[in-house]
Each structure stands twice: as C-alpha cells, then as structure tokens.
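J.: Order-wise, the sequence lines are chains A and B. Going left to right, the first sequence walks through residues 1 to 408 as the working numbering numbers them. Going left to right, the second sequence walks through residues 1 to 408 as the working numbering numbers them.
Treat the hints as calculated values from the structure; they're not laboratory data. A couple of the hints might just be wrong.
Where chains are identical, the list cannot tell them apart; a pair therefore holds if satisfied intra-copy or between any two copies.
Here are the simulated lysine-lysine pairs, DSS-like style, with alpha carbons at most 30 Å apart [stated by the list, open to error]:
| # | residue 1 | residue 2 |
| --- | --- | --- |
| 1 | K300 | K65 |
| 2 | K300 | K53 |
| 3 | K65 | K353 |
| 4 | K14 | K143 |
| 5 | K53 | K353 |
| 6 | K34 | K14 |
| 7 | K130 | K353 |
In case you want the letters, here they are:
Number of protein chains: 2
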Amino acid sequence: MAVNFPQIVPADLKPVAGIELGYAEGGIKKPNRKDVLVMKLAQTATVAGVFTKNRFCAAPVQISKSNLASGAHIRALLVNTGNANAGTGEQGLARAQESCAALAGLLDCAPEQILPFSTGVILEPLPVDKIVAALPAAIADLKADNWFNAAEAIMTTDTLPKAASRTVTIGGHAVTMTGISKGAGMIKPNMATMLGYLAFDAKVAQPVLEQIVRHAADHSFNAITIDGDTSTNDSFMLIATGAGALEVTSTDTQEYIELRDAVTDLSRHLAQLIIRDGEGATKFMTITVEEGATVEECRKVAYAIAHSPLVKTAFFASDPNLGRILAAVGYAGIDDLDVSKINLYLDDVWVAKHGGRNPEYQEADGQRVMQQSEITVRVVLARGDQSATVWTCDLSHDYVSINADYRS
Amino acid sequence: MAVNFPQIVPADLKPVAGIELGYAEGGIKKPNRKDVLVMKLAQTATVAGVFTKNRFCAAPVQISKSNLASGAHIRALLVNTGNANAGTGEQGLARAQESCAALAGLLDCAPEQILPFSTGVILEPLPVDKIVAALPAAIADLKADNWFNAAEAIMTTDTLPKAASRTVTIGGHAVTMTGISKGAGMIKPNMATMLGYLAFDAKVAQPVLEQIVRHAADHSFNAITIDGDTSTNDSFMLIATGAGALEVTSTDTQEYIELRDAVTDLSRHLAQLIIRDGEGATKFMTITVEEGATVEECRKVAYAIAHSPLVKTAFFASDPNLGRILAAVGYAGIDDLDVSKINLYLDDVWVAKHGGRNPEYQEADGQRVMQQSEITVRVVLARGDQSATVWTCDLSHDYVSINADYRS
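Please construct the entire structure, taking both the sequences and the accompanying hints into account.
T.: And the structure:
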C-alpha cells in the first residue's frame, strides 16, 4: 500500500569505490532472514553521523557516538535487525562492545574503529552470540556490488527495500553515491527505527563531512514524520570513502556546496521513501511553510500540521478540511502570529486568504486536489522570509491495524 | 461506545440559586435541535474564565475575553451550536456583537454585559438572524431547574450530555454547584470544540474567582487530551452567583481552599466526561508522572505519552507495550533526563525498573491490566518532588472512521 514507491532493482544501485557490503542470516529475528550487515570501508574513508535525540537512546547509539567522537579511524559499520539493544543498561553496552570487538578481530582493527547499529525489539537482551557467529558469513559476502542485499538486510516492518544511487560531476570529477534507508513508522520500539546510510567516493575532511551530514539530515531525515514518535535508535551515517578523485577540504568552496546539495538531494529521496512506505500510508503530503520570521517557527507550524491526527484523517478521507489545517497553524505555538495575514494553498488552489476562506475558493477545486496521492499544503505566514518543508503521510485505518495488531 | 460514562438524568442536576437557563431551537444546525442557550445571572454574580490559546481564536472568544477584561458586570451568557464563528474576520466580530446587543436589549442591560460562545462549523458566516430570532423563546424558557436541557443544548458530536452537581459545606454554609461540558475530540473545527460552564451559589470577589478558575482549569480541562489538537473556541467559565450565604473575599482563607478544591473536583469530573465520550474511545487512561523537578516537565512527559499514536494504539489493542511508553518518555524533551532512574507502573504492576524491564515483571500481569477499561500509567522520574496528571483515551479504528467520514 506504499504511495508511488519507485520500483528498485539491484542494477539501479551503483557500487561506490571504497565500500564493500556483506550480509548474513544470523537467526536473530526469524530463520532465513538477512539480519546482519557489515559495511567495510577503505582506509581513506571518513564517516560522520546524526543520531536520535531520544534520552532512551540505545546502547549501539551510545557506542557509535562515542567511537566517532574519539576520532578513531572508522573501518566498518555493523548493523543487526531483530533486536534494538535499547533499554538494556550496562549489559547492553557490554554486548554491543562485544560485537564490535569480534568484528574488529576479524578485520584486524581496533573495536573503536567499528560503529554498531541495532534495530528491532527493545527491552530484550541482544543475542550477541548469534551476531558474532554470523560475522564470518557476512565478511565472506563482502563486495561492492551488494547494495540491494544491504537494503534488504536492514528492513524490519518495511514492506519494500529502500535504496537509490546518483552520479554527479563536481569540479570536473564524477562522484558516485549510493544510499539505503529503513523505517516505516518513525518509531516502533518493538521492531523498528529509522536508519540511513549514504556513501560516496569523494575524499572529504572530517569537519567538512560533519557539516554536510547535518545539513543533509535537516533537509531529509529530520524533516519527515509519520506519527511524531522518535525512536531510541534512529541514525543517519554519511561515508566519504576517499576512493575517488574529488577532494573537499573546506566548506569555503564551490565543490563543497555542490557535494552538500547532491548528498542532501539523495538523502531527501531516501527519507521520502520511508514516508511512501509509511504504515498504512495512502497519501504523500508535502507541508511547506513560507514567509516565516525564522526557520524554527516555520518548522513548528509544519510539524503542527503534519502531526495533527485530525488533519491526517482528513487527508485519508480526501476531505479539503481547511478548518483543521488553520486550527493547527493557530496552535503551533507562535505567540504573536497574526492570523489575519495567513494564506493557505492546496497545490495550486488558494483556499484560505487572510485567515479566512478565500471568497473565490470552490470546494470542488479543493476536492480535486485532495483526491491525488501526492498533495502539497502551502502555508504563507507573511511575517518574514524564512521557510521550511516537512513530508508526511495520512492516518488511515491500516495505521491503527498495523500498530494495534503488531505484537499479537 | 463511551467508557464507563455515568448515566445522567435531569433529577441529578441541582438548581443553583442565582442562575436561570433557557434554550431554543434556532434551526442553526438542524431542525428540531436545541442550539441556542441563554444563562441569565443574578445581579450579585461574578464570572471568570479561561480560553483557548489558539491564535485562530474565534470571534466570540475575542469578545468574551474583552467583555470580561472591561470589568463589565456580566448578566448573561449566550451559547449557540452549529456554527463556531471562527475564521470569520471583522464580519464575525460584528455578528457576535449583534447577538450580544439583541440579548442585552431583551434583558435590559448593556451588550458588554453579555458573554457570547459559539461552537460548530468554522469559516462559515454566523447565522446571527436565526440566533436573534430564537432569543425570545430561550428567555421564555429561563428557569433554575433546566441544567439537563442546557447540557443537551451545547452538544455537537457528543454522543451523551455531560453534566454533574455537588453540594459541599464550606465555613458552615451549604454550597450547591452544577456544571455542564461538551466536546468529543479536543478540536473538530467543523462541528465542535470544548466548552465548560460551572456555577455555584457562593459570593466570590472577582480576583479570587480568577484564581479559582485558573487552578480548576489546570487540573481539569487543561489536563485532558484526545488527539492533541486545540480548538479555536475552547472556553471554560466559572460563575459565582452570589445568591448563597458563603462569601469569599480573599485567597488567604480556609474557605478559599475548600471552595477551590470543590470546584476543581467537579471540573475534573466534567472534563473526564469529555474523555469518556472521546471519539472512538474504548479505554480511559490516567497518565501520572511523579518525582519530576518541575510540574512543567511532568506535564511534558505525561503529554508525550498521551499524544503518542503508538501508545494510544497499543492501549486500544490491550498490548502492554513498554517500549512505546518508555520511548515517549525519552523524547518528551527533558534534555538532562537520566533514563536509568525511571520506573514505570501499569496500575499496581511494576513493569520497568531503572529504565529497563523489571526482572520480576510478568507479561501476563501487564496483559491483565491492559484488558481493563480504566488504566493508570505511572511514571516515576526520580529527580524531584513535583507531579502532574493528564487524562486521555486510546486511538481506535472508530477514531479514524469518525474523523475521516465526518464531512461526508
């Protein structure tokens, strides 16, 4: 029931020089299911990431953050599905460390050079023995042309694997980038989370890569929402393998801007795939808020709309319910908002003008837009020159069914 | 499908000396439907209220706030259903003023002495002519023993009228209090909002009454949520008719505390009736957060839990899904929260201990509690001595059906 989800085949996904991927079936979740993924990086690689802000962040998130912060040269990423290793205390940290040590032993590096990630059931002990036992098979499987399997290996309740590639030319050099993502609700602590991995073959200095990942995340994975919940394990990692000809050492260059924008564009695509496969989603909605005083207040308004169950059910019903959208704008938390200046559009249809119904608006026009599977809601605040966009889906009967029946 | 909703009959509702109520069928919504209510107050009455913080607050909200702030001696309240007079601009203000002027003419007072309230469809012009035409019938109907009809007159999508009475003895004087409320989603801009009116027969100085209404609202109507949306028209009004023997002139007295607590208790009951009749509700949930550093942070955590669609669907499914509750605690926005100290209880069952699953916890015990129609979720933050409680309901298939099919 995914919304306009592009068909993805292995041949669509380009190898990225400097990264090899290998999976195994570790039996963590179900038999005969890819659930362990190793991504091995070239010596030249740099890695930067953003992580969940949930205070219940999982053990692997704590270790990945710490290993990145230590300045250790990252050599591999290790992902398991089936168990999130969250809410597991000291034992959880020890088990995540153990998995890193085992992979480090096999790859002949230090445990701090491994970044661990887990997604799946929370509050259950990580079956580290199964992960360790699966590592040799994953390593034996390592190859550059393995992104499709990698995308499948990180799936939990996703109905479709999520991946894409791009080739861009920057500063006269071809740069190949491929990424994978997973997630279907923004959080499903029993068996899910949002994960994203994006690799490209340029060489990028660590501080520059950190700028790029924050920018890309803010305009992609941090701008999507299905149900407003935030997982314990959410992570987005950006890998510059350094195997290509392009080198970016400063944010003060045209190459930086072009690379940042290309990474952001692919990240946005990967993030939007999560929404398109959102639990019970029947509509893909783009919420754009313009002419705000700050980006922050534009995001507040956009999220108020995107999180409103009343707005989301109205979209499910294809009901151009202006009142629900305007009310969400009103309670978004901008204290000095002058509602008499607000304009609201559904795609190209001008529905609310100066805070009230546009006299020219015909319900039939709103109805026509609401029937579409992709809809843009555009709110113009008329109090500044900042803007923000978030992407979300509707709230359907299937969302309730999926989440109510999930553990039964 | 209301949850443990007490049966209410007219005889349960005690007249309050100093207030008379009268309704009419104005044809604003549907024929033969009570949709205009007049509440006429004694000369001795004082009135205080709290209103929606939605920036799209409706014309009647603006006028009621202004009339209260002017210090005018309030003589009557006028409520119509079927039209919210919200998002209607200058014309909306003029029409609300017109309805006040008409009632003032009939009651021989000034327009500023009337407080108007509207609930119903938004972005549509108020049919003020119908309201004005209905006023003589409403005035002819005025009587003290008319609270049940009043409760029915303010209903929109409510499935049951909401009302209750109490008699308390304070300072040796009997005080009779009766209240009515309405609302089924926290906002349904097409045809709803939250309204509450509570009258009692003590004489209370205006500044004291304002303290009482704020305290009562914070612990009742401001502590309930169905879907997190905030209406354009929400209002809660407290009326001290002054017709009884008790007089409270200062907050520095035992009588003040007893009266405040009695009003709060009845307000909470009226607020909880809204949750019990919540759209699609099958469970009544009390979320209590204890041992926080501030009331504010306790409320943040309680609302994060109460608003999480994943938590709400888990309750609908009777699934003791600890991960979803703990994750909501984690993303509630307390930056320095130490999750390793958190304890979580479902009624008397200790489910999470020090941030992880309680080793003694048996899923069967959690399951048993989750089968109940009334459940208390208790989170202990272990970082202070403040607490907060909110009430909410689950998220069911019927919620989606009601809100998706509402205008069709």
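J.: All the hints need checking, so say for each whether the structure fits it.
T.: Results of checking the hints against the structure:
no.	hint	in the structure
1	K300 with K65	both (27 Å within a copy, 27 Å between copies)
2	K300 with K53	both (17 Å within a copy, 16 Å between copies)
3	K65 with K353	between (47 Å within a copy, 25 Å between copies)
4	K14 with K143	within (12 Å within a copy, 80 Å between copies)
5	K53 with K353	between (37 Å within a copy, 22 Å between copies)
6	K34 with K14	within (21 Å within a copy, 68 Å between copies)
7	K130 with K353	between (60 Å within a copy, 27 Å between copies)
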